[in-house]
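Chains as they are written, first to last, in my numbering: chain A, 1 to 395; chain B, 1 to 531.
It is worth saying that the hints were derived from the structure and are not from the lab.
Quick reminder that beta carbons are idealized off the backbone N, C-alpha and C, glycines included.
One or more of the hints may lead you astray.
Claimed, not checked - Not everything, but these chain A residues come out facing chain B in the computed CB check (under 10 Å): (1) S58; (2) R60; (3) A194; (4) F195; (5) R257; (6) L259; (7) G262; (8) A267; (9) A274; (10) S333.
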Amino acid sequence: MSDQVSNSDLAVASSASPAAAPQPSSWLMLFRSTGGLLLAIAIIWCMFFILTDGIFLSDRNIINLMRQTSITAIVAMGMLVVIAQGEIDLSVGSFMGLTATVIALVESSGAFPPVVTILAALVMGVLLGLWNGTWVARLGVPAFVATLGGMLAFRGASLAVSGGRTISGIRDEIRFFGEAFITGPPLWIFLALAFVMALLPLRHIGDPARQKQALITVALAVAGVVILAWTTLSYRGLPMPVAITLVIAVLMSLALRNLVWGRHVYAIGGNRAAARVAGINVARQIIIGYVIIGVLTAIGAILFVGRLGAAPPETGYFVELSAISAVVIGGASLYGGSGTIPGVLLGALLMQSLSNGLSLLNVPSAYQNITSGLVLMLAVYLDSVSKRGGRPFVR
Amino acid sequence: MAARHSAAVQVASSPVAAGDSIIEIDGLVVDFGHQRALDHVSLTVHSGEIVGLVGANGAGKSTLGRVLVGELPTGTYSGQFRLAGAAADFRSSRDAHLAGISLVHQEGAAVEQLSIGENVMLMNEPNRWGVIDWQKLHGTAHHALQRLGLAIDTHQPVSTHGGVALTEHIEIARSIVMGTRVFVFDESTSALAQDDVKVVLTRMKELAANGAAIIFISHRLMEILAVCHRIVVLRDGRKVMDADIAGQDKDAIVRAILGRDPLGQSSGMGDKGRSPGTSPILSVRDWRTTSGPRNRVAVGPISFTLDRGEVLGIYGPLGAGKSELLNSIFGLRDGDPQGDLIFDMNGRIPFSGPEEAIAAGVVMITAERQRDGIIPQLSVLENMTLGLHRPDLTWRSFAVRHERCRQTCAALVKQLQIKTAGLDQPAGMLSGGNQQKILLARAVINDPKVLLIDEPTRGIDVGAKQDVYAWIRGSARKGMAIIVASLEESELLDLADRIVILRDGRHVETVNSGETTERDLIELSGGATSV
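Whole structure, please, built from the sequences with the hints as guidance.
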């Protein structure tokens, strides 16, 4: 996005007096908060629990649900960074397809050790980020257009390389990342660490201003760990993609909150001109954002290929849209400047719960797409309603 | 729609005779969440009358204005609001506009790409079966502008002229065409240069003489005193004064605004008159920049030297290139400036951008607080520490040290008397004066050797203004070199040791503020800039 574009947007925003900004109503605030998201997920889960005679909430299906969510969630965490900076990336789905094809070709050739495959994928992710970031931040092409171009180009490249065929022959080392289950002592250690992380907010218990928030967060996090422990211990263990997703989530969440870099993400999405005047290198920051989503998408491609054991030509279809949906449903604003990692995970979980539940009910995928689309529109609508102070219509 | 055109140009054609009360507000209450913005305010405005509406930031004057022009629709307030005797049930600002109440914005609102005529007739285009009657459009627009004393080719796009004054005239002309009976001028003069202010004030008087009622919201008491018939003062959402302007003086009004006696009026810097050039920190020689989309005016050649502990004023009317000069020094500019910039004894090439300038010790606070100062949704703390340049706030410029940030910001909130519910409150919720103080705090944290401030007190209330002045003086006394650009003569004479006067981007003269009056500044800066 060029400077002029953002300036004119901001000029419009500034015409409203901030002191007198109307407050959105409280039910709307709830809907846009993590609490509202949890409530929505709880309602959806209860609904499917009843409709599927309990199958939906079986340990097996919950593990399945988490596995299905993991790849979208990983890409969505990168998308959060890009969107919070006020940009967008539409190219990641096609890029995942291209990366998966390259991974499959390298693997099926058998000429290199698996570590080379993984490194190649990660390097491709970095290069994608530099490519998109340069077009957007240095050449000033609006992100929507720059990455739309990539969306077409990478899909084309992927089909050109694969010849439109499904490429199989993925070796066990790669399949490990997609298929394996963590069990036994490693699982116990993982759960213990998760439990400790869940208790971390308790360090603010002494501060009366943050006490209530900390208690609620801990209660929810502990509940999450308990569900995780129950399902993984009673079924086959913790799927590798889910473990990787959770580790990335913790790292990203810590980075966004505690690194200078993370602060700047929200600053340049909140008001780019102000961030620039404050001495933040906006172009570099945007490029770093694209590199992060590129690398995360490459990781997603590894997990996808690992789970399937092959790279079909339609790999990554609609991944960019699922990721954007997860970010927006998770409470981030498409206008930039907000959004959290827990929100994104819950957003991804909500979308996946819908399609998983509908699948269990044998609803055709055509109708699942219709549902996903409408839910996304509803989430963005609620965002814009809260932006204009709770008024349902544009005046 | 078409029927309105013929009668439109004549404001006095409204059925209300001069002197009748046209706006009657009684017991108006507006709540924002738990905060009461207006508390049982009553206001009557007669046609042909100019009422000045003043108060500190957050006193409720903008809220009252927003009710009047329908931005706060029926249902968001309680109390009586009658227009010409009938209940005013505005559901939107468009309703209010059609009913004859118009707002003239602070910076004017015009579509730059459209012609002047199209802007005047926006939403009101004369047409025959949907096809625009261009001749009639430009004829009516021309006529309306002529009534404002503006002979201008209405076919030209707004962008070729530009200027806040023109867009405000377009807004007024648009209202005249619509048959507006009540004008709300919301800080409409605060972005204008002296001469343009006079023009706009004259227009107000003429509109009132023709039977319009005018509500003039402003921080500028001298203008209120000069033009208004009556003055209404709001404080904390309540009306504390409603009196004829005759017999009122500035001090009484300031007391009503503040609810207390004003702090001792400043009498300038203590150490004025010391010889310049004793310890230079920043100097520019033959500095010039080109114009472009960011900088409308080409600046230069300009030469000056800034000493440690000095406050240097930059004065000139709107469009003289004050902001462009500061931007170009700070590295916010189009193209590369020519000339020498010597900073801290290093003859160096111009800063490539704010990042490099701040690293070197040059910090800027821009004029447009909302546009490129505050990030509204981030907290007070995050806004103050934005950029996180100070080494002790971070671990190796990598990780944030939260406790250190908290302590630093808490101390600054106390020191600058920032009114906030806490460090975690979003900065967008604060009033303009407190936001400006946040920007001062950010500058302090960046520990500048040279601070550039563009319009330090634009749109902030009297109390905050005094605090900002005190802070600028105090920082200069501690050795910070400060450049202040301002439209307000009195502000510069108060603050600055020397004043650089600009006119159409050129450096006219540098004067010592001790030997200069407001009149001198206005005359030297060239006075007559046409609209």
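How the hints compare with the structure:
1. Given the 10 Å rule on beta carbons, the hint for A/S58 is violated: about 41 Å separates it from the nearest Cβ of chain B.
2. The closest approach between the C-beta of A/R60 and any C-beta of chain B is roughly 41 Å, which is over the 10 Å cut-off, so the hint fails.
3. Violation of the interface hint for A/A194 is found here, the shortest Cβ-Cβ separation to chain B being roughly 23 Å, above the 10 Å cut-off.
4. Here the hint on A/F195 is broken, as its CB sits about 24 Å from the closest CB of chain B, past 10 Å.
5. Interface hint status for A/R257: upheld, as the beta-carbon distance to the closest one in chain B is roughly 8 Å, under 10 Å.
6. A cut of 10 Å between beta carbons decides the hint on A/L259: the least distance to chain B is about 6 Å, and the hint holds.
7. Interface restraint check for A/G262: the shortest CB-CB distance to chain B comes to about 8 Å, inside 10 Å, so the restraint holds.
8. For A/A267, the interface hint holds, since its Cβ comes within 10 Å of a Cβ in chain B; the closest pair sits about 6 Å apart.
9. For A/A274, the interface hint holds, since its Cβ comes within 10 Å of a Cβ in chain B; the closest pair sits about 5 Å apart.
10. Annotation: interface hint on A/S333 holds; nearest CB of chain B at approximately 9 Å, less than 10 Å.
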